[in-house]
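If you're matching them up, the sequences are chains A and B in order.
Heads up: the first sequence begins at 1 in this note's numbering, then just goes up one per residue.
Heads up: the second sequence begins at 1 in this note's numbering, then just goes up one per residue.
These are calculated hints, taken from the structure and not from any lab test.
Quick reminder that beta carbons are idealized off the backbone N, C-alpha and C, glycines included.
Careful, some of the hints might be misleading.
Derived DSBU-like pairs: lysine-lysine, alpha-carbon spacing no greater than 30 Å straight-line [claimed, not checked]: (1) Lys45/A with Lys31/A; (2) Lys16/A with Lys40/A; (3) Lys96/A with Lys16/A; (4) Lys16/A with Lys45/A; (5) Lys262/B with Lys65/B; (6) Lys57/A with Lys262/B; (7) Lys6/B with Lys332/B; (8) Lys40/A with Lys57/A; (9) Lys65/B with Lys145/A; (10) Lys96/A with Lys65/B; (11) Lys57/A with Lys332/B; (12) Lys96/A with Lys145/A.
A short, non-exhaustive set of chain B residues, derived as facing chain A with CB atoms under 7 Å [what the hints assert, rightly or not]: (13) Pro93; (14) Leu129; (15) Ala324; (16) Val328.
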Amino acid sequence: MIETAETHPSGQLDAKRALALLARADHQTLKQVWDGLSAKPHFRKIRGPEVGLVMVKGRIGGGGDPFNLGEATVCRASIETDAGVVGHSYRLGTDKAAAELGAVLHALWQSDEYRQHIESTLLSPIEQRAEAEARTRSQQTAATKVDFFTMVRGED
Amino acid sequence: MYVAVKGGETAIANAHQLLADRRRGNRDLPAITIEQIAEQLALSVDRVMAEASLYDRSLAALAVKQSRGDLIEAIFLLRAYRTTLPRFGTSEPINTARMQIERRVSATYKDLPGGQLLGPTFDYTHRLLDPDLLHDTPVEAPVGRSDADEPVMRVSEILAGEGLIEADGELPSEHIAGDLTREPMEFPMPRDLRLQALARGDEGFLLALGYSTQRGYGRTHPFVGEIRIGLVEVELDVPELGFAVSLGEIRVTECQMVNQFKGSAKAPPQFTRGYGLVFGQSERKAMSMSLVDRALRTQEFGEDVVAPAQDEEFVISHCDNVQATGFVEHLKLPHYVDFQAELDLVRRMRAKHAQSQHHQEAAE
């Protein structure tokens, strides 16, 4: 069996991060990175890409026991490269092409040959973009913060 | 006797063609795009997602376009679509404490950690029609402020510190969250199932019920402890990976309603609570939901059910607008045979009535 990042507990955080970032990259971004690869490995589909639902849970009162809030569309795909590395992808929405490319790039990210390239051309840029968007959003929200001041009324 | 009546195929086909024509409207105008609906009619899209109980902005925007802006029809379309899909699993519970906040207000504390963040609100607008929107007038970019990193604490945690408020909401330890889409409805219904029903319930119906509690039909003395709107991460536990994978973010609105206290011989008085959580940006719906959630807990607090908003079977059975519209609108479908029977009956009754009148007159 080929060792993958996931088989090492220490690699789990890395894998979690990679999958989260791949889920946030749009199809165009993934396609650019794929098209930019000098040597494209062959792969076969194991599952999907397919669209389905995930029931999203909330918690009563915000932190109490769970309840079912409603569903969300999710697209997933699994592939295996000729080198025997399995890649998975799960993302919100119904973009099957993005899910399949995500799974391929997840597989490549697990191999030493491609990992650095995918990190620098895909994962880091997506992470930076997501952080920048979150920062902008929170700064725009912060600008709507009410700064109360007290008016002193009456004598003495 | 049952008589099957056929015909109407051509009429139906032509009606649908006419619908497509009217939906497109004046061909001199450009067709509206799904992206435009998702961006510029975002709150319609949010309402469709919430009441269809399916989070997908693009598909909800498509449903709004297909339904010509009839939101209940759009909700129906999205509900129908979801039945065609398999379910991959159930997410980890979303963590609204770690929300990327876009709006957060409290009506109970002026100065609270994180502050009052107004966000993109209609509040304090003058509700005057804006002629600028008649044209594509350029819109300025919003202002930013860099001291944005103060943690935004929950109001319920502030009160919980002193023991002044009940806990978030615990069900018996062996309880597993029920799912209305998988199991038939039964009453009495546990709170988790009620919340699922309310989260997908009709905004107008819940608004009216919430309002009725304020007007005295089951008073609960509510205060908005906190409303927060923003993005939360959705994580799915994936067995083949052995850990929970982040699928992306969804926008939700949460309302923590703080209601008048309850105590007993055993427990000192403390505030009670109602909870609202809705897909998308909709504080009217989240607030209404939290008012109705608290009203439906009447029996839990040993109070009498005296008002419609407190009647679980009444509220839960009628809050779903897809079910409601299905049953109301089926009345327009052919009832020719039923009606013939009624017609026959009323004619016979009238004949009998005329006959007895005749006898009476003859007797006089």
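Tested hints:
The hinted pair formed by lysine 45/A and lysine 31/A meets the criterion: a straight-line CA distance of about 17 Å does not exceed 30 Å. For the hint linking lysine 16/A to lysine 40/A, the alpha-carbon distance of about 24 Å falls within 30 Å, and the restraint holds. Our distance criterion of 30 Å between C-alpha atoms is met by lysine 96/A and lysine 16/A, whose separation comes to about 21 Å. Distance check on the hinted pair: lysine 16/A and lysine 45/A sit about 22 Å apart at the alpha-carbon level, within 30 Å; holds.
Proposed proximity of lysine 262/B and lysine 65/B is contradicted: the alpha carbons are some 48 Å apart, above 30 Å. With a CA separation close to 29 Å, the supplied pair lysine 57/A and lysine 262/B stays within the 30 Å bound. As the CA atoms of lysine 6/B and lysine 332/B are separated by approximately 17 Å, the hinted pair is consistent with the 30 Å bound. In summary, the hint linking lysine 40/A to lysine 57/A is not supported, as the alpha carbons are separated by about 39 Å, beyond the 30 Å threshold.
Under the criterion of a C-alpha separation no larger than 30 Å, the hint pairing lysine 65/B with lysine 145/A is inconsistent with the structure, at around 36 Å. Straight-line distance between C-alpha atoms of lysine 96/A and lysine 65/B comes to about 23 Å, which keeps the hinted pair within the 30 Å bound. A threshold of 30 Å between alpha carbons decides the hint, and for lysine 57/A with lysine 332/B the separation of about 38 Å lies outside it, so the pair is violated. Between lysine 96/A and lysine 145/A, the direct Cα distance comes to roughly 40 Å. Violation of the 30 Å bound is thereby established for this hinted pair.
At a threshold of 7 Å, the smallest CB-CB gap from proline 93/B to chain A is about 4 Å, leaving the interface hint in force. Taking 7 Å as the C-beta contact cut-off toward chain A, the hint placing leucine 129/B at the interface is violated, the least distance being around 23 Å. A least Cβ separation of about 18 Å between alanine 324/B and chain A goes past the 7 Å threshold, and the interface hint is therefore violated. Violation of the interface hint for valine 328/B is found here, the shortest Cβ-Cβ separation to chain A being roughly 24 Å, above the 7 Å cut-off.
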